[in-house]
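The primary structure of each chain is shown beneath.
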Amino acid sequence: MQKLDRQTLLGIRDQLGGYAWDDAEIDELVDPKLGIITGFQELLQQLEQLRKIDLGATPPAGDIGKP
Amino acid sequence: MSRQLAYASIGELRRRLQAGEVSATQLVEIYAERIARHGDCSKAFISLDLEAARRKAAAVPREPATGLALNGIPYACKDLFDVAGQVTTGGSQVLQDNVAECDADAVAALNRAGAICLGKNNLHEFAYGATGENTLYGTAPNPYDRSRLAGGSSSGSAAALGFGLCAAALGTDTGGSVRAPAALCGLVGFKPTFGRVSSAGVIPYSWTLDHVGTLTRNAADAALIFRALLPGARDVAPARLEGCVIGIPREFFFDRCDAEILDCLDALMDFLRAAGASLVPVEMPSMEHTRTVSLTVQMPEALSYHNRYLEQRGHLYSQDFRAGLALGQCLLAEQYIRAKRFIERYRREMDAVFAEVDTILTPATPVIAPPIGAVEVSVDGASEPAGNAITRYTSFFNMTGHPALTLPCGMHSAGLPIAAQLIGRHHADEQLLALAQRIETDYAFSLPLPDLD
Numbered sequence: 001m002q003k004l005d006r007q008t009l010l011g012i013r014d015q016l017g018g019y020a021w022d023d024a025e026i027d028e029l030v031d032p033k034l035g036i037i038t039g040f041q042e043l044l045q046q047l048e049q050l051r052k053i054d055l056g057a058t059p060p061a062g063d064i065g066k067p
Numbered sequence: 001m002s003r004q005l006a007y008a009s010i011g012e013l014r015r016r017l018q019a020g021e022v023s024a025t026q027l028v029e030i031y032a033e034r035i036a037r038h039g040d041c042s043k044a045f046i047s048l049d050l051e052a053a054r055r056k057a058a059a060v061p062r063e064p065a066t067g068l069a070l071n072g073i074p075y076a077c078k079d080l081f082d083v084a085g086q087v088t089t090g091g092s093q094v095l096q097d098n099v100a101e102c103d104a105d106a107v108a109a110l111n112r113a114g115a116i117c118l119g120k121n122n123l124h125e126f127a128y129g130a131t132g133e134n135t136l137y138g139t140a141p142n143p144y145d146r147s148r149l150a151g152g153s154s155s156g157s158a159a160a161l162g163f164g165l166c167a168a169a170l171g172t173d174t175g176g177s178v179r180a181p182a183a184l185c186g187l188v189g190f191k192p193t194f195g196r197v198s199s200a201g202v203i204p205y206s207w208t209l210d211h212v213g214t215l216t217r218n219a220a221d222a223a224l225i226f227r228a229l230l231p232g233a234r235d236v237a238p239a240r241l242e243g244c245v246i247g248i249p250r251e252f253f254f255d256r257c258d259a260e261i262l263d264c265l266d267a268l269m270d271f272l273r274a275a276g277a278s279l280v281p282v283e284m285p286s287m288e289h290t291r292t293v294s295l296t297v298q299m300p301e302a303l304s305y306h307n308r309y310l311e312q313r314g315h316l317y318s319q320d321f322r323a324g325l326a327l328g329q330c331l332l333a334e335q336y337i338r339a340k341r342f343i344e345r346y347r348r349e350m351d352a353v354f355a356e357v358d359t360i361l362t363p364a365t366p367v368i369a370p371p372i373g374a375v376e377v378s379v380d381g382a383s384e385p386a387g388n389a390i391t392r393y394t395s396f397f398n399m400t401g402h403p404a405l406t407l408p409c410g411m412h413s414a415g416l417p418i419a420a421q422l423i424g425r426h427h428a429d430e431q432l433l434a435l436a437q438r439i440e441t442d443y444a445f446s447l448p449l450p451d452l453d
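Sequence order for the protein chains is A and B. Residue 55 in this note's numbering sits at position 55 of the first sequence, and the numbers go up by one each step. Residue 331 in this note's numbering sits at position 331 of the second sequence, and the numbers go up by one each step.
If you're looking for bench data, these hints aren't it; they were derived computationally from the structure. Worth double-checking, as some hints may not be accurate.
Straight-line C-alpha distance at most 25 angstroms; calculated BS3-like pairs for lysine-lysine [to be verified]:
(1) Lys-340/B with Lys-66/A
(2) Lys-3/A with Lys-66/A
(3) Lys-3/A with Lys-33/A
(4) Lys-340/B with Lys-52/A
Quick caveat, the model's predicted, so the values are computed rather than measured.
Just chain A, same shape as in the assembly (with noise of 0.2 angstroms):
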């Protein structure tokens, strides 16, 4: 897996549609900084890892069932 590009968020918000998000917003994806958001790349990272473990039939959570 490739490390996360500034060029690839700006294809992205560019490319795809969706919110015009400022440079701003891209860096701090690219380039964390405020504390609250680990930082794209690393997020990325961790889900690959959960990409490899295989879910089987379990579906997408959905309501907790009556009692």
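Fit chain B to the supplied structure of chain A, relying on the hints for placement.
Coordinates of chain B only, in the frame set by chain A:
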């Protein structure tokens, strides 16, 4: 006397109201006077509607015999809840003109039970964060030490009770946003089973994780409010501890925790054993990926809701929330769906744990209230963001949807409250409240009131 009443439980206030020792009008005036005195420093309220509260209180008979469970009890709600005719700001510049047409279901339920809403509480902007920091309305301080955080995101709700400005408060809990500030401020925070209390009329943060919850002075009050929110709920009497099987998840939930908090939990466990409960070790689902799963669900859902405001008002969001929303846009749909499937796995694994035990006991938080402005906190030599630490033991149960409650169980040498967390089976909200009531009735511990002078 007024201070005593301001910090009285709902149970005590009900008794005094019914005995005619105090009127609803007197109660509203006591809180109004304290709000005038402590409102600015507590940063507890974003807006007040004391005239409406006075009108409603005046209609409560001096010796009420109406049978309404909360008749004349003043409360407040986090400013995510709609109150008809008032602005719901979400703690943000974005919604300064967002006048609600009708009450949120939870507000309507408390009003039907006779409770009197005093106003709307401060919060972390749109509930995005556990520190309760808010650049627009200020950061609610801890009533026990004003240099420290009340915690969040229901920061103003916790501060309102802690400073003696109302008898109870409604909050929302997406990762611990009711339970954690309650724990840091010496209160009881209760998050019922996911979906059991309606969130209609409440600004969402994450539909998958949001729970409406309550902050009260004790578990008996939490039970009273719960029954008012859910009239079909069963009566709650203190439970018996004899024969109760309580699971202790040593791994993760007791890791990297302040030593004095662990001491308080040990003392509580000694009490529970002596009272006849059986404490057994339990193996929880792996916590390795839980924060990733939670974040991957939260941010796309938050973006999906806030998308409607971004084009016209996007510049009014705080910078950190904008970055979070941008993250939500960059995640893949498959990653979101996978995270939702992990949540289902967590729910099933937890249901298996609850086949063996009645309740699970953990510390509420691994740290006491951090200093205001602290970006990171350190425990056992390891640093982590303050908001992550505050909710480290609570956020998992937002994914699984199990009812969870935090209650005070000790006082730290730094002069700040320490709390435990109880988690119950799905829909066993009443049993969880009953157990918490038994503990608070029998456990020889009482928290001193905060010294505001």
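Now the hints, each set against the structure:
| no. | hint | result |
| --- | --- | --- |
| 1 | Lys-340/B with Lys-66/A | 20 angstroms, holds |
| 2 | Lys-3/A with Lys-66/A | 45 angstroms, violated |
| 3 | Lys-3/A with Lys-33/A | 18 angstroms, holds |
| 4 | Lys-340/B with Lys-52/A | 15 angstroms, holds |
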